[in-house]
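Participant: Here is how the chains run, residue by residue.
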Amino acid sequence: MIIDRRDALAGMVAMFGAGLYAPIARAAKAQATGISDGPPSTPVFSAQQRAAVTALSERVMPTTDTPGAIAAGVPAFIEKLLADWAAPEDRKPILAGLDAIEARSQQDYKVATDKATPAQQDALLTLAMEDKLPGGEDFFDKFRQLVITGYFTSEIGITQEREYLPVPGRYDGAYPYSQVNKVFSS
Amino acid sequence: MADKFDAIVIGSGVSGGWAAKELTEKGLKVLMLDRGVMVEHGEGYDFDGKPAFEIPSRDIMPKSLVDSDYFIAKHGYVSPGNRKFYNNDRLNPYAYGEGEKFYWIRPGAVGGKSLIWGRWSFRWSPEDFEANKREQVGIDWPIRYEDLAPWYDYVEKYIGVSGSRENLPQLPDSAFQPPMQMNIAEKWVKGRLEATTPGRKLINTRLSNMTEDKEAQGRSKCQFRNQCGRGCSFGAYFSTQAVTLPAARATGRLTLRSDAVVSNLEYDPKTKKVTGVRVVDAKTKQAEVIPARLVFLCASAMASTQILMNSRIPGSSKSHFDTSGTLGRYVMDHIFRVGISGEIPGMTDYIEYGRRPGGVYIPRFRNVGGEEGIGFRRGYGYQGSARRDPAQPVGFGASMKQGMRKYGGWKFGMGAFGECLPYEDNRVSLHADKVDRFGIPLMRFDVTFRENELRMMRDARTEGEKMLRAAGLLNVTSDEGEHVPGDAIHEMGGARMAADPRQSVLNKWSQAHDAANLFVTDGAQMASISCVNPSLTFMALTARAADYAVKQMKAGAI
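Taken in sequence, the protein lines are chains A and B.
Residue numbering for the first sequence follows the working numbering, beginning at 1 and increasing consecutively.
Residue numbering for the second sequence follows the working numbering, beginning at 1 and increasing consecutively.
Honestly, I wouldn't trust all of these hints.
[To be verified] In silico lysine-lysine, DSS-like type, Cα no more than 27 Å apart, as pairs: (1) A:Lys-182 / B:Lys-406; (2) B:Lys-187 / A:Lys-182; (3) A:Lys-142 / B:Lys-63; (4) A:Lys-142 / B:Lys-74; (5) B:Lys-283 / B:Lys-434; (6) A:Lys-92 / B:Lys-74; (7) B:Lys-26 / B:Lys-187; (8) A:Lys-110 / A:Lys-92; (9) B:Lys-270 / B:Lys-508; (10) A:Lys-142 / B:Lys-411; (11) A:Lys-132 / A:Lys-115; (12) A:Lys-182 / B:Lys-411; (13) B:Lys-272 / B:Lys-551; (14) B:Lys-270 / B:Lys-4; (15) A:Lys-92 / B:Lys-63; (16) B:Lys-63 / B:Lys-101; (17) B:Lys-406 / A:Lys-142; (18) B:Lys-201 / B:Lys-26; (19) A:Lys-182 / B:Lys-201; (20) B:Lys-74 / B:Lys-101; (21) B:Lys-190 / B:Lys-201; (22) B:Lys-157 / B:Lys-221; (23) B:Lys-50 / B:Lys-221; (24) B:Lys-63 / B:Lys-201; (25) B:Lys-434 / B:Lys-74; (26) B:Lys-270 / B:Lys-554.
Just so you know, the hints here were simulated from the structure itself, not pulled from any lab data.
Bound-form chain A, shown alone:
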């Protein structure tokens, strides 16, 4: 029986881990690259930044009559995406914006971003949105996009905030909105 060359190499990667000789690592990659799963392969945020991301994501998509960003796992999604799914340069505007917000929070409120009150956090986000912080608008647009994406691809976003319709079974091109008052999701 011929040993599958790729399987043999994959076994070696498992044995030697990160210390694997580079040419062997490259040969093992002669198959489709996988999509990273699980926790971030590298931390993107400091503890303070992570706490700020958590607090600010909840202010962008707060808990109302449905759960908000924290319950939906948005902060972890953002760190995972920036660690493993986005380009390394995509981290820069987020990290820079978090630092600018933190500096402003310390200056205005004498506390870290996550320790500020919700109203103060809203004020900080508004400053970013109106580009009154260094890199503010760039941060706000991208951070807001991350929160919205993470939220509406989460189980809570799909099944609670929206009307989950996995198998519609039929098509009605003139369905009254008043019968759902929500947006359908899949």
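Model the placement of chain B on the given structure of chain A, informed by the hints.
Facilitator: Leaving out everything else, chain B in the frame of chain A:
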């Protein structure tokens, strides 16, 4: 290995699947080969029916992965939920860098592009088969609409095509299942457009998604999920897995081999026949030649052309199948990337329930019904739809969240697909020294759109805007992207069919002039490309060729 198979089918996509079904049902023992990985119907659709949070990286393609492995496939709608069906561009490269830009968007699994196709299904018109001759462009088709009409009937009834009867000469009706309904806004656009721009029609899409069950095939009608690209366990649309593979397997005469890369065909110049197919195992890289009495080459237009070109006369760079000198030439793709959109006033109490695949269609209206002198030949059609997207409130917080529970207004958008003429010097060739990991010379593309195509797109943009404005849509805008051949994933030609063996690779039965036991029934055979989506025509041509080939075999001619 003894002559174990009566026929080898290379490729398992739209054409290969049909070849396997027809040949096995007519009694032949068939080996079907595909270079891609095995995907079984249902169980092989890893993400069918899954919400985003159960798909890797929330079904958003990581940028690093796109850049490393899917830099061409990204133009063909690859995502984490369907990427098993796509070619890995890093592992399987081609060489357009030294020629002209071309997107060769390829599948990577058994079933080929039947798992990733758009499923819009149209018959060609009589005019489509006659235009080359009338205009003295390219070469005359050796067949006419009447030759193919019964085969369109045959495949449509089997696969199930939904659509509306319209009695249009430029777009003959199929044997339809009932159409998918237009939504309230599309009906409004249809009424206004047809009233304000007489002679133009906006019709239901014609789609291989079914509106009636086919119990005998174990297939259900469309469930309006619109996740076709991840594989449909309901079997609601045509794919090899759902339709032709089960039929071929039911005969007990099919052997299917995945991960089987065909490098070339072996040929005996004395008998003028293909003697075998050289196959490289994609996993072990071991090569073998499998003898064949009959070969159906259905590897896709460009891959079939590549295999033909790589079947070389010993000591020569010339193909056994290129006596005419036309092999690799007259490569075409539909030109698109012109989009027109506008807002539809009113009807905001209504939304769509269910996610309908497809949409609506504006059939070709240029250079039909005697129109001429408009600055370009042939024509284009528009594919479009009306929909309401979730509202996009600005800001953040509870008010934004609440605002996102509503829908925005109705919008209508459509894109033009135009016919590209056959040009002798739009060609593909084998790279002189670069080979892939199986030792097969890389394809090199030298294909460009010309003035006729670009004028046609300008006209499509102008006319599209005019029509939508006249119909009463608001804020009508248009855009035009880069026109890259291959981008429409309707690449065709390279081994065209015609009557004269000095000017074509194949005859009117899709049969090689240089080898009576070789049939090429995918897009490679096309001598022109109409402006309508091509797959249905490949199915009809394949079924017709299979019928002819088996009759020839039984008569002892093959």
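Participant: For each hint, tell me whether it holds in the structure or not.
Facilitator: The hints, checked one at a time:
Between A:Lys-182 and B:Lys-406, the direct Cα distance comes to roughly 6 Å. Compliance with the 27 Å bound is thereby established for this hinted pair. At most 27 Å may separate the alpha-carbon atoms for a hinted pair to count; B:Lys-187 and A:Lys-182 meet this at roughly 24 Å. Taking the CA atoms of A:Lys-142 and B:Lys-63, the gap is near 16 Å; set against the 27 Å cutoff, the hint holds. Between A:Lys-142 and B:Lys-74 the CA atoms are separated by roughly 22 Å; this keeps the pair inside 27 Å, and the hint holds.
As the CA atoms of B:Lys-283 and B:Lys-434 are separated by approximately 21 Å, the hinted pair is consistent with the 27 Å bound. The straight-line distance between the Cα atoms of A:Lys-92 and B:Lys-74 is roughly 25 Å, inside the 27 Å bound, and the hint therefore holds. For the hint pairing B:Lys-26 with B:Lys-187, the CA-to-CA distance comes to about 45 Å; that exceeds 27 Å, so the pair is violated. For the suggested pair A:Lys-110 and A:Lys-92, the alpha carbons sit about 25 Å apart, so the restraint of at most 27 Å is met.
Taken as a hint, the B:Lys-270 and B:Lys-508 pair is honoured in the structure, with Cα atoms around 24 Å apart against an allowance of 27 Å. Restraint check for A:Lys-142 and B:Lys-411: the C-alpha separation of about 26 Å stays at or below 27 Å, so the hint holds. For the proposed pair A:Lys-132 and A:Lys-115, the alpha carbon gap of about 21 Å is at most 27 Å, so the pair holds. At most 27 Å may separate the alpha-carbon atoms for a hinted pair to count; A:Lys-182 and B:Lys-411 meet this at roughly 19 Å.
Restraint check: the Cα-Cα separation between B:Lys-272 and B:Lys-551 comes to about 19 Å, which is no more than 27 Å; the hinted pair holds. Taking the CA atoms of B:Lys-270 and B:Lys-4, the gap is near 23 Å; set against the 27 Å cutoff, the hint holds. A C-alpha spacing of about 16 Å is found between A:Lys-92 and B:Lys-63, which places the hinted pair at or below 27 Å, so the restraint holds. Restraint check: the Cα-Cα separation between B:Lys-63 and B:Lys-101 comes to about 22 Å, which is no more than 27 Å; the hinted pair holds.
Between B:Lys-406 and A:Lys-142, the direct Cα distance comes to roughly 23 Å. Compliance with the 27 Å bound is thereby established for this hinted pair. For the suggested pair B:Lys-201 and B:Lys-26, the alpha carbons sit about 41 Å apart, so the restraint of at most 27 Å is broken. Among the hinted pairs, A:Lys-182 with B:Lys-201 is inconsistent with the structure: their alpha-carbon atoms are about 34 Å apart, more than 27 Å. With a CA separation close to 15 Å, the supplied pair B:Lys-74 and B:Lys-101 stays within the 27 Å bound.
A hinted pair counts as satisfied when its Cα atoms are at most 27 Å apart, and B:Lys-190 with B:Lys-201 qualifies at roughly 7 Å. Restraint check for B:Lys-157 and B:Lys-221: satisfied, since their Cα atoms lie roughly 14 Å apart, inside the 27 Å limit. As the CA atoms of B:Lys-50 and B:Lys-221 are separated by approximately 19 Å, the hinted pair is consistent with the 27 Å bound. Between B:Lys-63 and B:Lys-201 the alpha-carbon distance is near 41 Å, which puts this suggested pair outside the 27 Å criterion.
Between the alpha carbons of B:Lys-434 and B:Lys-74 the distance comes to roughly 24 Å, so the proposed pair stays at or under 27 Å and holds. Of the supplied pair hints, the one linking B:Lys-270 and B:Lys-554 holds, its CA atoms being roughly 22 Å apart against a limit of 27 Å.
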